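If you're matching them up, the sequences are chains A and B in order. Quick note: the numbering used here has the first sequence finishing at residue 252, numbered continuously throughout. Quick note: the numbering used here has the second sequence finishing at residue 1506, numbered continuously throughout.
For the record, the hints were derived by calculation from the structure and aren't laboratory data. Among the clues, some could well be false.
Restricting the straight-line Cα-Cα distance to at most 20 Å, the calculated cross-link-like pairs of lysine to aspartate or glutamate (EDC-like) are [stated by the list, open to error]:
| # | chain 1 | residue 1 | chain 2 | residue 2 |
| --- | --- | --- | --- | --- |
| 1 | B | 1449 | A | 164 |
| 2 | A | 85 | B | 1462 |
| 3 | A | 117 | A | 82 |
| 4 | A | 85 | B | 1464 |
| 5 | A | 117 | A | 199 |
| 6 | A | 118 | A | 197 |
| 7 | B | 1449 | A | 235 |
| 8 | A | 85 | A | 235 |
| 9 | A | 85 | A | 164 |
| 10 | B | 1468 | A | 164 |
| 11 | B | 1468 | A | 82 |
| 12 | B | 1449 | B | 1462 |
| 13 | B | 1449 | B | 1464 |
| 14 | B | 1502 | B | 1406 |
Since the structure is predicted, the reported quantities are computational estimates derived from the model, not experimental observations.
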Amino acid sequence: MARILLPEHRRALGKLQPGLTRRGLAGGLSLGALTLLTGCDLSDDDSVIDRALWAMLRFNDRVQAAMFSPTRLARTYTRADITKPFRFNAFYPIERVPQIDLAGWRLELAGLIDQKKPWALPDIMALPQESQITRHICVEGWSQIGEWRGVPLGNFLRRVGADLTARYVGFTCGDEYYSSIDMASALHPQTILALEFEQTALSPIWGAPLRLRIPTKLGFKNPKFITAITVTNENPGGYWEDLGYNWFSGS
Amino acid sequence: MTPLAPPPRHHIVVRLSHWVGAVAMICLILSGWQIYNASPLLPFRIPGAITLGGWLGGAIAWHLTAMWLLMASGAMYLAYGFASGHFRRDLALPSVGEFTGEMAAALRLNLPHDAGRYNAVQRVFYAGVVAIAVLAVLTGLAIWKPVQFGPLTALFGDYDTARKLHFTMMVLIVGFLLIHLVLVAIVPRTLLGMITGKRGGV
């Protein structure tokens, strides 16, 4: 049974897994000149600088939300542009990719949604789908072009009676990953609940059976193995976002 | 008898934007090296000891903080430079002949460093680094916002070419910085000038 990770759950998770706590941003800088220059010990993660960087992360969230256009589309490519082989990427090695039991899999819905009945895979596959060939850009800098097909998230949210004035859409995943996006990005026409990659049903390494494909955000905002969607006004955060990656991370 | 006119000074806007921009640029370069290490474009990594941020998330936080500082000081400097005539007056590009002649003199360490006037080599270097810094910001915006600034990204080819250009701008700026610091060390009164405003020293 999928559980929605709201902030109180996340704190508990942090206790269970000490690695999952917020990391310092200032960094263990060993460059004497800059330490002299700023007069601060930058290796202290609770420093004024660390708090300032966290404040700037939130400032950058607001700036990016203001810059976001609900209609401007990410560049699309042709099949000839597709990157082969496509690179596997996760916060764990490929051997640890979860094998989800597709027959028993249900997409749970939670939060500000009228119809919370869980969805089985064939019911989602029966919905109208759209394809895209777009560039997936990793926060690390590399990028690759791939083809995905699936149900536009906006159409799905409207169908289940989600409160479209809510601020956040959160995703819980079968690989203990979680992430969340702003509602405006969720309703963008290229944001899809992908069922297919390269014209075949998602295989486990690509997040079977359901993943988010959102070309207006960085790769880590494209959660795989989705088991639950929650619509909420409380920011659900995310695995990397809570460690210190910029939450909005829009492209 | 009227007193002599005071020696020309670095305007307060020039000095302020120089130092704010310098701090921002150093933070951007060092955090950029940490970001580079997450997915190196070339077959080497930058030693962690001379990077900023400690890990990728920290480096990006530094980079996208210092970015605002650089853009603010840069906008202030460019607005002043155009509006006051500073660029037209002091940074006008020389002819090729003038540049090569003065460059040859500079390489023989035989170029006068007159108070209140930039020689041809200085004009080319300072105007050049300003142009490169502007390109560094533009290529940076192109890879930060390839969707929202799609036309800008397309101007540089695409995301991956803009990323390589952004890296190239860093290399050019680091190259400028090394030469700049060596020259300041040779003519240290220019450092005082950039702090107190007095060109050509005390």
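Self-check item: Restraint check for residue 118/A with residue 197/A, where alpha carbons must lie at most 20 Å apart
Solution: violated (23 Å)
Practice problem: Starting from residue 117/A, check that the Cα of residue 82/A is at most 20 Å away, please. | Solution: Violated, at roughly 39 Å.
Self-check item: Straight-line alpha-carbon gap residue 85/A to residue 164/A, limit 20 Å
Solution: Judged against 20 Å, a Cα distance of about 39 Å means the pair is violated.
Quiz item: Is the Cα-Cα distance between residue 85/A and residue 1464/B 20 Å or less?
Solution: holds (16 Å)
Exercise. Take the C-alpha atoms of residue 1468/B and residue 82/A, compute the straight-line distance between them, and say whether it is at most 20 Å.
Key: holds (19 Å)
Quiz prompt | Given pair status - residue 235/A, residue 1449/B, alpha carbons within 20 Å | solution = violated (26 Å)
Quiz item: Is it true that the CA of residue 1449/B sits at most 20 Å from the CA of residue 164/A?
Solution: Given pair residue 1449/B, residue 164/A is violated - Cα atoms ~28 Å apart, limit 20 Å.
Exercise. Starting from residue 1449/B, check that the Cα of residue 1464/B is at most 20 Å away, please.
Key: holds (13 Å)
Self-check item: Agreement of residue 117/A and residue 199/A with the hint, judged by alpha carbon distance not exceeding 20 Å
Solution: violated (31 Å)
Quiz item: Is the Cα-Cα distance between residue 1449/B and residue 1462/B 20 Å or less?
Solution: Holds: residue 1449/B and residue 1462/B sit about 12 Å apart, inside 20 Å.
Practice problem: Measure nothing beyond the straight line between the CA atoms of residue 1468/B and residue 164/A; if it is 20 Å or shorter, mark the hint as holding. | Solution: Since the Cα atoms of residue 1468/B and residue 164/A sit roughly 42 Å apart, the hinted pair is violated (cutoff 20 Å).
Quiz item: Given the hint that residue 85/A pairs with residue 235/A, does the C-alpha gap stay at or below 20 Å?
Solution: Violated - the C-alpha atoms of residue 235/A and residue 85/A are around 39 Å apart, more than 20 Å.
The structure is inconsistent with the numbered hints 1, 3, 5, 6, 7, 8, 9, 10 and 14, although it conforms to all the rest.
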